[in-house]
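Q: In case you want the letters, here they are:
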Amino acid sequence: MLHTFVALVEDKPGVLTRVASLFRRLNINIISLTVGHSESQDVSRMTIVAEAASGSGHRIKASLFKLENVLDVDDIGQLSCVCRELALIKVAATPQTRAFIFQLAEVFRAHVVDLAPESLMLEITGVASKIEGLIQVLSEGDNQILEISRTGRMVMRRGQHTSRVLDAMRVPSPEEEPIIPITDTTSGDSGLELISGDPNHPL
Amino acid sequence: MSELPTSAASNPTRLTGAEIVWATLEGEGVRDVFGYPGGAILPVYDALRKYPIRHILVRHEQSAAHAADGYARASGKVGVVVATSGPAATNLVTGIATAMMDSVPMVCITGQVSSKILGTDAFQEVDITGITLPVTKHNFIVTDPKAIGPVLRKAFLIARSGRPGPVLVDITKDAQQGLADFDFAAAAPTPHRPHPMLSAGHAVLSEALGLILSAKRPIILAGHGILESDAMDQVRTLAERLQIPVASTLLGLGAFPASHPLSLGMMGMHGEAWVNQAIQQSDLLIACGMRFDDRVTGVLTRYAPNAKKIHIEIDPAEINKNVKADVALIGDLREILETLLPQIAPRNDSTWIRAVNVLKGDAAVRDIKNLPDLGHLYAAHVIHDLWRATDGKAIVVTDVGQHQMWEAQYYKHESPRTLITSGGLGTMGFALPAAIGAKIACPDKEVWVIAGDGGFQMTSAELSTVVQEHLDIRIAVINNGFLGMVRQWQEFIYERNYACVSILSPDFVKLAGAHGIPGATVRERSQVLPAVADARGCSGPFLINFLVEKEDAVYPMIAPGSALDEMIRRPSNGHNPLLETSEEP
Numbered sequence: 089m090l091h092t093f094v095a096l097v098e099d100k101p102g103v104l105t106r107v108a109s110l111f112r113r114l115n116i117n118i119i120s121l122t123v124g125h126s127e128s129q130d131v132s133r134m135t136i137v138a139e140a141a142s143g144s145g146h147r148i149k150a151s152l153f154k155l156e157n158v159l160d161v162d163d164i165g166q167l168s169c170v171c172r173e174l175a176l177i178k179v180a181a182t183p184q185t186r187a188f189i190f191q192l193a194e195v196f197r198a199h200v201v202d203l204a205p206e207s208l209m210l211e212i213t214g215v216a217s218k219i220e221g222l223i224q225v226l227s228e229g230d231n232q233i234l235e236i237s238r239t240g241r242m243v244m245r246r247g248q249h250t251s252r253v254l255d256a257m258r259v260p261s262p263e264e265e266p267i268i269p270i271t272d273t274t275s276g277d278s279g280l281e282l283i284s285g286d287p288n289h290p291l
Numbered sequence: 013m014s015e016l017p018t019s020a021a022s023n024p025t026r027l028t029g030a031e032i033v034w035a036t037l038e039g040e041g042v043r044d045v046f047g048y049p050g051g052a053i054l055p056v057y058d059a060l061r062k063y064p065i066r067h068i069l070v071r072h073e074q075s076a077a078h079a080a081d082g083y084a085r086a087s088g089k090v091g092v093v094v095a096t097s098g099p100a101a102t103n104l105v106t107g108i109a110t111a112m113m114d115s116v117p118m119v120c121i122t123g124q125v126s127s128k129i130l131g132t133d134a135f136q137e138v139d140i141t142g143i144t145l146p147v148t149k150h151n152f153i154v155t156d157p158k159a160i161g162p163v164l165r166k167a168f169l170i171a172r173s174g175r176p177g178p179v180l181v182d183i184t185k186d187a188q189q190g191l192a193d194f195d196f197a198a199a200a201p202t203p204h205r206p207h208p209m210l211s212a213g214h215a216v217l218s219e220a221l222g223l224i225l226s227a228k229r230p231i232i233l234a235g236h237g238i239l240e241s242d243a244m245d246q247v248r249t250l251a252e253r254l255q256i257p258v259a260s261t262l263l264g265l266g267a268f269p270a271s272h273p274l275s276l277g278m279m280g281m282h283g284e285a286w287v288n289q290a291i292q293q294s295d296l297l298i299a300c301g302m303r304f305d306d307r308v309t310g311v312l313t314r315y316a317p318n319a320k321k322i323h324i325e326i327d328p329a330e331i332n333k334n335v336k337a338d339v340a341l342i343g344d345l346r347e348i349l350e351t352l353l354p355q356i357a358p359r360n361d362s363t364w365i366r367a368v369n370v371l372k373g374d375a376a377v378r379d380i381k382n383l384p385d386l387g388h389l390y391a392a393h394v395i396h397d398l399w400r401a402t403d404g405k406a407i408v409v410t411d412v413g414q415h416q417m418w419e420a421q422y423y424k425h426e427s428p429r430t431l432i433t434s435g436g437l438g439t440m441g442f443a444l445p446a447a448i449g450a451k452i453a454c455p456d457k458e459v460w461v462i463a464g465d466g467g468f469q470m471t472s473a474e475l476s477t478v479v480q481e482h483l484d485i486r487i488a489v490i491n492n493g494f495l496g497m498v499r500q501w502q503e504f505i506y507e508r509n510y511a512c513v514s515i516l517s518p519d520f521v522k523l524a525g526a527h528g529i530p531g532a533t534v535r536e537r538s539q540v541l542p543a544v545a546d547a548r549g550c551s552g553p554f555l556i557n558f559l560v561e562k563e564d565a566v567y568p569m570i571a572p573g574s575a576l577d578e579m580i581r582r583p584s585n586g587h588n589p590l591l592e593t594s595e596e597p
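Top to bottom, those sequences are chains A and B.
Residue numbering for the first sequence follows my numbering, beginning at 89 and increasing consecutively.
Residue numbering for the second sequence follows my numbering, beginning at 13 and increasing consecutively.
In short, the hints are calculated from the structure, not lab data.
Computed far set for chain B versus chain A, every beta-carbon distance over 10 Å: (1) PRO24; (2) LYS228; (3) GLN289; (4) VAL370.
Listed below are several chain A residues computed to face chain B (Cβ distance under 10 Å; list not exhaustive): (5) LEU110; (6) LYS149; (7) ALA150; (8) ASN157; (9) VAL161.
Glycine included, C-beta positions come from ideal geometry on N, C-alpha and C.
For reference, chain A alone in the conformation it holds in the complex:
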């Protein structure tokens, strides 16, 4: 299954290698990894999505904490959180075929961020399924996709009373899918873990 970890790490050379090397050593494939600045100075925030056996979350988290440069780890399981990915998609489009792409962009709430005689570039933000939806529709059409760049998943836990606050503020929830889809059905047994869960608090 897919696991998502948020790790706060020291912003130093070599830290990314240490984190990546841990997953390599455990024979776990990293699906996506995003790194950037966090709210604290000298602290980077990583969001790591990895394919691993269902019960391996505890050990991965514990092993991450054993790295000296790792300050905090959150294992985002079924927790309520906001999950986003950003993608830039360059599509071949002539002045004659642009209109169709514009329509699609509107449906998917993507933005056109570059326009050239032979191509245009779309920027889309959302959960992975939304981005994949756009890519699928684009590739089913006549317009060839030239390049795709995706950031991978970024997640942040929701505040404890987010929905009530949002209601009170009459702000609509920004997305239909607030919870990370963890319905991935691949068994994904990497051979790492035999047994599941937090030892004293099994799910």
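Once you've looked at the hints, dock chain B against the given chain A.
A: Below, chain B alone, put in the same frame as chain A:
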């Protein structure tokens, strides 16, 4: 030079980076280091004369790492290695990995080319922090003399805190040559952050207590963590209070006295039959500072099927890795036992330990010690006699293989840190250099090397180090002309296809003699004790070449894929089975 800042540590002193290295080591209480000089570490060696630290020159950097490892295991202190860049640094890797697998605190200092030419493939440049990343607890590269003190102090803290392990500090040559203010006290690291997933709260403790008090057939699994946590007394108290038998891992031997009536001995692949049978019959395993290694459990699906498991362990990543814990107490073993013990009242029900002792009877019949002596010399006899001759009080440093298992079976260790052996990584060539470290750490203790003819040849160059450093180390080579453990697997599992395991050795006594070390060759049982007495009476090092039965096997053995009680036993059908194998056409 009298500007050493150790006592007046709050007074910053202007030192070179190289001097800071030694001053920091001195401040950390280091008295001995193991190393080998070379280009990129020359400034550090140049500054050594100003500091009261003993340097032991080894013959290969791998041995420096093993020696520091043996030093740490024998003393409980942090072992320190110094080596230059490039090939010296890569030579350390096996020794570092050995220490990592067995949680041994160690600090390795390597020289590195100057920071200005880092990454240019300069002479003897190698990315040693990259190479050692997966086999160190942490590593650093230092390019600024100001950082040397704080980084080294941090390295010591990391090496010995929590679950101990090796730390490597790579220091560029220009950082060693540059000047910086040094203040030992000010270089103190921030306190170690305990692993955030430690968990031994009230609820789990009382759950564990309930299991312990209601168990009918409990067993304590005594691991290396008992030594690291200094919890020998607490484990013993727990065992005695509830009459719980104690089974040991290889690295746990010595944590519980072998002569104690509740001591079962070693568990696992070559553990005694009654130990593994008892574990399979048990209804509660109390795992103390051990990690359910595959050599301990046999096939996991049938491991201790009737037992609940309480896993007491400081490393959260070990919990549920191999064996599912019913209750996990994650934290310092000693603290946890000290919390539990006041709630446990003494009980005098010896039903279970008596049942376990019944299992011993069958094993005794098969024990090679009790088989008729037909003039052959068996390694088990040698080790048994060595144990008697040394009164079980020597520090024994073993290599890896059959002799290692026989040592674990037949040398009864009464006190902690008296068996030094490479358990997790199983590093051949470990014994002699590690014994050098153990002897430096404990000069007043009797130190014996027990090594096979294969492993001994991997690092036998260290005989020179033994002589140069005037070390009184006794060496027993268990010589069967084979890479014995591999040969045993080929005998049991590969239809006796003895591929590449017959190994020629030099005359070890002559080899020792070439170093000025006296020695003796022993072929018969009757010569064992006299030779051991000669070795013990000798004022310097001594080597005994024991020519033992060529095709003896370590019994019992759990073949890969078998459960703990599915052992290959030593045959006991009236005649000596060993004669058959020794007369192999």
